[in-house]
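> Next come the chains, spelled out residue by residue.
There are 2 protein chains.
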Amino acid sequence: MAATAQRIVLASRPAAEPAAENFRLEQVPVPAPGAGEILLRTLWLSLDPYMRGRMSDAPSYAAPVAIDGVMEGGTVSEVVASNNPDYKVGDIVLGRSGWQTHEVANGKGLRKLDPKAAPVSYALGILGMPGMTAYFGLKEIGKPQEGETLVVAAASGAVGSVVGQIAKIRGARVVGIAGGKEKGQFVTEELGFDACIDHRAPDFAERLKEACPKGIDVYFENVGGKVFETVFPLLNSFARVPVCGLIAQYNTIEGISETNWVPQLMRGILTKHMTVRGFIVSAFYPRFGEFAGEVVEWVKSSKLKYREDVIEGLENAPRGLIGLLRGENFGKRLVRVG
Amino acid sequence: MAATAQRIVLASRPAAEPAAENFRLEQVPVPAPGAGEILLRTLWLSLDPYMRGRMSDAPSYAAPVAIDGVMEGGTVSEVVASNNPDYKVGDIVLGRSGWQTHEVANGKGLRKLDPKAAPVSYALGILGMPGMTAYFGLKEIGKPQEGETLVVAAASGAVGSVVGQIAKIRGARVVGIAGGKEKGQFVTEELGFDACIDHRAPDFAERLKEACPKGIDVYFENVGGKVFETVFPLLNSFARVPVCGLIAQYNTIEGISETNWVPQLMRGILTKHMTVRGFIVSAFYPRFGEFAGEVVEWVKSSKLKYREDVIEGLENAPRGLIGLLRGENFGKRLVRVG
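Residue numbers (our numbering), protein chains in the order written: chain A, -17 to 320; chain B, -17 to 320.
There may be inaccurate statements among the hints.
Which copy is meant is left open, so a pair is good if it fits within one copy or across any two.
What the hints assert, rightly or not - Cross-link-like lysine-lysine pairs, in silico, BS3-like; alpha carbons within 30 Å at most:
#	residue 1	residue 2
1	LYS196	LYS208
2	LYS196	LYS90
3	LYS254	LYS121
4	LYS125	LYS254
5	LYS90	LYS254
6	LYS208	LYS254
7	LYS98	LYS121
8	LYS285	LYS196
9	LYS90	LYS282
10	LYS70	LYS282
11	LYS94	LYS208
12	LYS163	LYS254
Don't read these hints as lab results, they were simulated from the structure.
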């Protein structure tokens, strides 16, 4: 088989915002599966904020991608050759092939997808990691109650959109934060949030306060930076802050207070009996069935709405990620690879 | 009855460290109990860090003491006159008479103490509010496990000393932080902590790190400020930080980083899956029986050791509180009033 595979490797580590030169597209022969192995051809590659962390060698919960290593990522793939009795050609699987068109795998750690149950790409979004982040962050930490107010940023994105819609199902008042008028309209009109505030507006803080007349009981933290500073004073007693991401801080931190307000932060946590808890969704992967049991039904019945933001072609994955980190995506961003 | 009572009122609100002129000692007639009422004579007045908060009118979880109002505080008192069938002269009760020698009460919200069970002053310390703070902060949030490392500051104080000893009972390695050699010796030799570090030492950070070779799993936060900055980088994945007080920040904050490290704090909480949770012990008062069931036995059997730091005379309560906020106390500070 003389066919050519493509892959994108990490060429260098970015100091702040990633740029095209941090990535390198390589052409390599399509690998051949050995005994017990299968050959996967990537259909969809997920782009997610955490990938910025993998490009850095700062200590984190996961090891960084090595220089010259293939960029990591969740993928939906088709089995195109199989020496493994558990898989047949044509099977669609969820895996972590990374930023490449082909991968040889031993079949472990893959999950077969049923194309009749839902679009297979959903396994990278609302029915996958981002959906589970929203679901378990709310179920285990945020716990929105009827009549409480929940705020979530990146409200039109993969996690924020699901957070807000589940909180609405739970009976909370839901206020989103998103950049620009178009996203705001989508969030309120399509997703049914009670309000959506533009974080770029000069009167952002005032408008957020107006939208939360009874304060904030749950702040689902996925952005950090300036938005966190604005939200914090509005948090109520016994507020819960699940922390799943800090996208506004991944490249560089702009627009935040110069004053060290850690003492005030801790004072707020104390005097308002707050809970601030970081979590990594993989800790909840063993509970996938519990998640799917509720969320698949909500998606089928359109109780949960979902929007994808598709980049065409693996070669465009770098600018797709760079744009995601700038908030350019409108919905769950993913790459149609093949 | 021409007898005179004494009381200390809040004369003015301190801007930073409280001073003698913020308090005023007043002589008033001993009040007479009406129908259904009792007259209490204060034996012991507890001095606690939260009192600094009540002197300020900054928003907090409890209303401030009014100017010219009697300073609040927990007390152990003797019933010296009674028009209430539930109390007889000579009964010893735990209440909140505040900084005064006498109070007329209706009997509600008091708890009778048995002088044979334990010294009655213990109800203001290890068998009372500070003990419950330690007990429930560990039980509900800190949850030290066998072999984990717990750090607590103000280690010879009313809360810290109990935190560390209970964590030892639970099988944790316990490192205290305290000011000065004498307190450090007491903490390790008397209370049985594994180590105690002097926060005034110029190499405090290095010594703390050395004392925690496997990092820190539970940091019981009662001081804030510089100590928190030093502890934070040492926290392990899945660390728990119960926040019950921030005594180092109540007057003024010195020696902390000028850089706004809130983004780094949030990043640590995220990437290490930490839980930072504030709590106010009064939320656990309904569970007093659960607390007493374990702690009374531990005190009786000397599994828990306890040291009191007694100030003589109500007129010395102001300097007792000022000193407490400076860390001058050595053990649970309280005032012998009568």
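> Next step is simple, just say for each hint if it's right about the structure.
Quick rundown of the hints versus the structure:
1. LYS196 - LYS208: Classified as within: same-chain Cα gap 21 Å, cross-chain 34 Å, threshold 30 Å.
2. LYS196 - LYS90: Classified as neither; 49 Å inside a copy, 33 Å across copies.
3. LYS254 - LYS121: So LYS254 and LYS121 pass the 30 Å test inside a copy (21 Å) and across (20 Å) alike.
4. LYS125 - LYS254: Cα proximity of LYS125 and LYS254: in one copy and across copies (17 Å, 21 Å).
5. LYS90 - LYS254: between (46 Å within a copy, 27 Å between copies)
6. LYS208 - LYS254: So LYS208 and LYS254 pass the 30 Å test inside a copy (21 Å) and across (22 Å) alike.
7. LYS98 - LYS121: within (28 Å within a copy, 48 Å between copies)
8. LYS285 - LYS196: Cα proximity of LYS285 and LYS196: one copy only (26 Å, versus 47 Å across).
9. LYS90 - LYS282: Within one copy, since 29 Å is at most 30 Å while 57 Å is not.
10. LYS70 - LYS282: Classified as within; 28 Å inside a copy, 70 Å across copies.
11. LYS94 - LYS208: Cα proximity of LYS94 and LYS208: none, with 41 Å in one copy and 52 Å across.
12. LYS163 - LYS254: So LYS163 and LYS254 fail the 30 Å test inside a copy (34 Å) and across (35 Å) alike.
The structure shown violates the earlier hints numbered 2, 11, 12.
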